[in-house]
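J.: Here's the letter readout for the chains.
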Amino acid sequence: MSRRLSITLLTAPALILLLGVFLIPMLLMLLLSFQDGQQAFTLANYSLFFQDTFYLDILWRTIRVSLWTVLATLVLGYPVAMFMAQASGKMRGIVTMCVLAPHLISVVIRNFGWVVVLGEKGWVNEMLMAMGIIETPLRLLYNELGVVIGLTDSFIAYMVLALATSLYAIDPSLNKAASILGASRARTFFSVTLPLSLPGIVAGTTLVFSLSMSAFVTPALMGGTSVKVIPVLAYEQIMSTLNWPLGAALAFLLLGSTIVLVSLYTKLIENKRYKEVFAS
Amino acid sequence: MAKVYDVELRNIMKKFQNNVVVQDFNLQVEQGEFVSFLGPSGCGKTTTLNMIAGFLEPDGGDLLIKGQRMNGVPPYKRELGMVFQTYSLFPHMTVAENIAYGLKLRKVNKAEMKERVDRVLSLVKLPNVADRYPKQLSGGQRQRIAIARALVIEPSLLLLDEPLSNLDAKLREELRDELKRLHHEIGVTTIFVTHDQEEALSLSDRIVVLNHGFVEQIGTPLEIYNQPASEFVHTFIGKTNRLEGEVVEVDGDRITVQTPEGMLIHAAKQSRSFTPKQKVVAFVRPEKIVLSQTDSGDAANKVKGNLQLASFLGSYTECEVKVGGQSLSVKIQKLIDKAAAQEAEKGIYCHWNAEDVLIMPTERG
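Going line by line, the protein sequences match chains A and B. Letter 182 of the first sequence, counting from 1, is numbered 182 in UniProt numbering, and no numbers are missing. Letter 253 of the second sequence, counting from 1, is numbered 253 in UniProt numbering, and no numbers are missing.
These are calculated hints, taken from the structure and not from any lab test. Mixed in with the good hints, there may be bad ones.
Derived EDC-like pairs: lysine to aspartate or glutamate, alpha-carbon spacing no greater than 20 Å straight-line [unchecked claim]:
id	chain 1	residue 1	chain 2	residue 2
1	B	K104	B	E154
2	A	K272	B	D62
3	B	K77	B	D62
4	B	K135	A	D171
5	A	K176	B	E154
6	A	K272	B	D131
7	B	K304	B	D356
8	A	K176	B	E79
9	B	K302	B	E287
10	A	K176	B	E97
Chain A stretches covered by chain B per the calculated footprint, using a threshold of three residues with CB under 8 Å from any CB of chain B [stated by the list, open to error]:
id	segment
11	179-187
12	269-279
Selected chain B positions facing chain A (in silico; Cβ < 7 Å) [as the list claims (entries may be wrong)]:
id	residue
13	A53
14	P91
15	L105
Small disclaimer: the values here were computed from a predicted structure and weren't measured. Note that beta-carbon positions come from the ideal geometry of N, C-alpha and C, so glycine has one too.
With the hints as constraints, model all of the structure from the sequences given.
T.: What follows is the structure, encoded as structure tokens:
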């Protein structure tokens with residue numbers, strides 16, 4: 001059997017699966033998004049989106065919540081990734097396990113856990129009130145903050161692992177070199193570690209952004225009815241209103257926005273120097 | 001007033017957990033001196049260098065640089081230059097930016113910065129690579145840039161951590177000569193860590209031989225080579241023949257040693273004194289032995305043996321000669337052709353002078 005044939009045969013099951021459950025349904029949904037109630041061709045589903053600020057507001061909120069999530073995972077995840085990069089092999093394994101362990105539990109259950117923790121009678125509010133820091137409970141749920149907290153919890157592992165991978169690749173003697181040349185630890189971080197971890201930052205932020213843009217469960221559970229994002233809206237159109245064409249159009253608008261934003265972002269970061277330094 | 005040295009180590013001690021890795025390290029380095037730390041891996045040479053640089057803190061003793069006590073001072077405040085085994089150039093900076101890094105931190109103005117970068121680039125003979133990235137350079141070029149980066153800040157002390165060991169043989173030799181030239185030109189006080197005795201011998205004003213965290217000997221290359229303080233120093237610096245035996249006669253300066261097989265070894269004056277019946281080890285370097293078809297000649301030692309093996313290695317030939325139960329390694333300049341080799345297999349004489357024999361007591365200390 002030729003090598004080519006064996007490769008084709010070996011990848012065939014995956015290709016068939018991908019074609020059957022991903023590509024064909026996607027194409028059907030795309031067709032659906034251009035239909036009206038009578039199955040005739042129309043652009044109304046898309047034009048509606050751009051005419052009604054209601055939809056644009058929701059898209060902007062989706063992007064905003066995703067950007068906050070990216071920022072929160074980056075800021076909270078970077079120290080963890082740095083710790084992993086500097087730790088011994090055993091410690092590294094333990095931290096990786098801790099980062100990944102929450103993913104062994106369903107996201108639904110984790111989100112309800114947050115509801116218990118962050119609610120008006122949750123322990124965060126109870127504690128702050130007991131300590132006299134606040135008088136009335138803080139609103140930590142069913143608003144954008146609640147969604148960002150939930151999404152950060154869901155996706156921080158992706159950020160940490162992406163950052164850690166690029167931090168592992170940095171030669172530790174570079175820190176020594178910077179230090180002996182006169183750079184303090186903070187200076188070394190900003191002039192050596194941070195720029196050299198850029199590929200990890202790009203990978204982590206892109207990944208978390210895309211995941212946040214399309215997240216459904218967390219915004220639905222922790223945002224309630226007041227924080228609608230595009231995936232929740234599309235779900236409602238399809239499942240409650242039974243307006244499949246509009247739901248499909250919303251899904252493709254979300255996909256399109258994510259692709260455009262991510263490409264702009266990477267284009268911006270991956271300048272000449274970036275390519276020169278990090279090209280393999 | 002006490003003399004101020006560029007570097008002074010006083011009873012430096014370092015341990016990792018309960019393992020003492022450096023002990024009783026005392027050293028004074030004069031201004032402009034080139035001192036090598038030589039020893040096998042795990043001997044404490046790199047640990048000591050890291051203490052001088054400030055990456056490790058000594059657990060005992062005092063470290064002084066230019067008379068200032070440096071214990072507890074972080075590396076970035078020590079004003080040192082350092083070159084690492086792995087080059088350690090910043091991959092996201094051009095060559096010029098790498099070299100200017102230390103100048104930028106010292107707030108040197110733009111014009112002067114450019115001038116100093118250019119000057120140091122021509123000093124390492126790489127004037128045209130300023131805008132390249134490190135990965136576009138060869139290993140030897142990278143190490144030259146690393147040296148330039150260390151020198152541009154005009155450090156009070158240059159630390160070299162096995163800078164040649166990642167290079168191939170030819171480049172290593174080339175860069176070794178380059179280091180020698182640079183040191184000659186700039187005269188910066190230098191501490192060089194290496195496990196390669198040739199590098200240490202050729203570059204250093206003085207060599208510190210280390211073993212298991214202890215200083216075995218401090219001396220000039222000649223002293224280290226000719227008057228080793230211990231068996232370790234002698235065997236670590238170059239190849240040698242080791243012959244165990246017993247002192248059978250002490251006649252003034254002359255000492256005779258007999259091996260268990262009955263071979264007699266005549267030695268001239270030693271720095272130590274010996275008594276008859278003492279268990280000793282006699283050493284003769286392979287390059288001190290001469291091969292001859294006859295036993296005529298002035299050499300004090302003449303033994304007959306059979307050639308076992310001759311390996312032609314370009315500038316010299318390495319021979320194994322079996323004498324009794326003992327195998328002697330001999331290094332000769334002359335070529336041995338097939339006929340001569342066959343002749344020598346039947347019998348050949350090894351000659352060496354009494355002055356070339358080094359005798360040491362078997363038990364150390």
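J.: Would you pick out the hints that fail for this structure and give their numbers low to high?
T.: 2
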